[in-house]
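*Asks:* Sequence:
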Amino acid sequence: MSSAESEGNRQPGLITLCVVMLILAVASVALRCWSIWGSPTHKFGYDDLFAILTLPFIIAESALIFYWISLGLGRHSATLPISNQLEGPKIIFAAAYLYDACITFPKLSVLCFYHRVLKRGGIWVRPTLWAVGTLCVCWLIGAWLATTFQCTPVHASWDPVPNAKCFTQWKFFTGTAAPSAVLDVIILLIPLPLLWSLHMTKAKKVMLTGLFICGYSVVILSLGRLITLLKAGSDLEADLTWTTIEYIRWVQCEGPISLMSVCLPNIVELGRRLRSRNEQRRTSALSLSASKQTASDLLCGNRSFRPLEEDREAILMGHYSGTPKRHHNNTTIEATRSVSEWDSV
Numbered sequence: 001m002s003s004a005e006s007e008g009n010r011q012p013g014l015i016t017l018c019v020v021m022l023i024l025a026v027a028s029v030a031l032r033c034w035s036i037w038g039s040p041t042h043k044f045g046y047d048d049l050f051a052i053l054t055l056p057f058i059i060a061e062s063a064l065i066f067y068w069i070s071l072g073l074g075r076h077s078a079t080l081p082i083s084n085q086l087e088g089p090k091i092i093f094a095a096a097y098l099y100d101a102c103i104t105f106p107k108l109s110v111l112c113f114y115h116r117v118l119k120r121g122g123i124w125v126r127p128t129l130w131a132v133g134t135l136c137v138c139w140l141i142g143a144w145l146a147t148t149f150q151c152t153p154v155h156a157s158w159d160p161v162p163n164a165k166c167f168t169q170w171k172f173f174t175g176t177a178a179p180s181a182v183l184d185v186i187i188l189l190i191p192l193p194l195l196w197s198l199h200m201t202k203a204k205k206v207m208l209t210g211l212f213i214c215g216y217s218v219v220i221l222s223l224g225r226l227i228t229l230l231k232a233g234s235d236l237e238a239d240l241t242w243t244t245i246e247y248i249r250w251v252q253c254e255g256p257i258s259l260m261s262v263c264l265p266n267i268v269e270l271g272r273r274l275r276s277r278n279e280q281r282r283t284s285a286l287s288l289s290a291s292k293q294t295a296s297d298l299l300c301g302n303r304s305f306r307p308l309e310e311d312r313e314a315i316l317m318g319h320y321s322g323t324p325k326r327h328h329n330n331t332t333i334e335a336t337r338s339v340s341e342w343d344s345v
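Its first residue numbered 1, the sequence shown is counted upward by one per residue in UniProt numbering.
Since the hints were derived computationally from the structure, they do not count as laboratory data. All the given hints hold, so there is nothing to weed out.
In silico PhoX-like links for lysine-lysine, alpha-carbon gap of 20 Å or less:
1) 231 x 171
2) 90 x 171
3) 165 x 90
4) 119 x 43
Restraint ranges, calculated between C-beta atoms of paired labels, are given here:
5) 234 x 123: 45 to 51 Å
6) 269 x 197: 22 to 28 Å
7) 67 x 203: 48 to 54 Å
8) 70 x 194: 44 to 50 Å
9) 277 x 59: 28 to 34 Å
Since we're looking at a predicted model, the values are computed, not measured. Positions of the beta carbon are idealized from the N, C-alpha and C atoms, including for glycine.
Put together the whole structure using the sequences plus the hints.
*Replies:* Quick look at the structure:
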């Protein structure tokens, strides 16, 4: 525990985490767009659309968290004004809609990406993708409806209302987190049967499986969020601005890292193209430098790198043991003498 947390302030660490995750999300989408617009063969697809649509929801949800931090999130509720405490439920209610979209759109992006690249998969692949995609959309709609009607009357979700009936907060969060984690695991497992059916060594299959798991690492975050909820239980609501911090940390990581995971193939492709382009430029620069050096040598009369035709013949016949330039000078002198003698006659 840091010194700030020991003094009853978890805000610095939470602010740092939120800023880092927000930068990660923006950078991932920016690099993906650069990769798309710089590729002559890539066609803009639904996987790109869902990935880009995720970013505004992440930004809006992060803005609400920053606003809540300014009101006292990360400090004990007892140290905050009553007016600030009453804002917390309102922020949770609004942020829930944004967060649900933040973790659903990347799922749909991955499924669309599978639909694009697994065209030659088994006959079960496309029906499975459509079925899982339908489940993701149904989960999103169900989560939004559950958020809206978690209390009766509805405004009891953020305003104290006598005799109101509401879901228990941690059970409500667990009820939406568990299906989301299951969907993430299913999405991760879909391409693995096709991967293991490829003709390659077992070691390569294991390596590629590990790469897939690392690429869709949001599964770890999804499970971590669920475990945190189960461990917290009813204590999650004991001190709303303090005991929810661990859960909020998982929430703030899941959306941006999920977005980064779905953008990773485009980012890798962009890096490969930039590296290839740099190698081509380096090769062209070396060729141009060599051409300039050759031209300079020719203009300066430096023929040592490439003797004239008569020099090569002389070398082959052993007529002289000196350098080509010296032989050329001797041949010129002898030719001049022969001409002078002919003129005198």
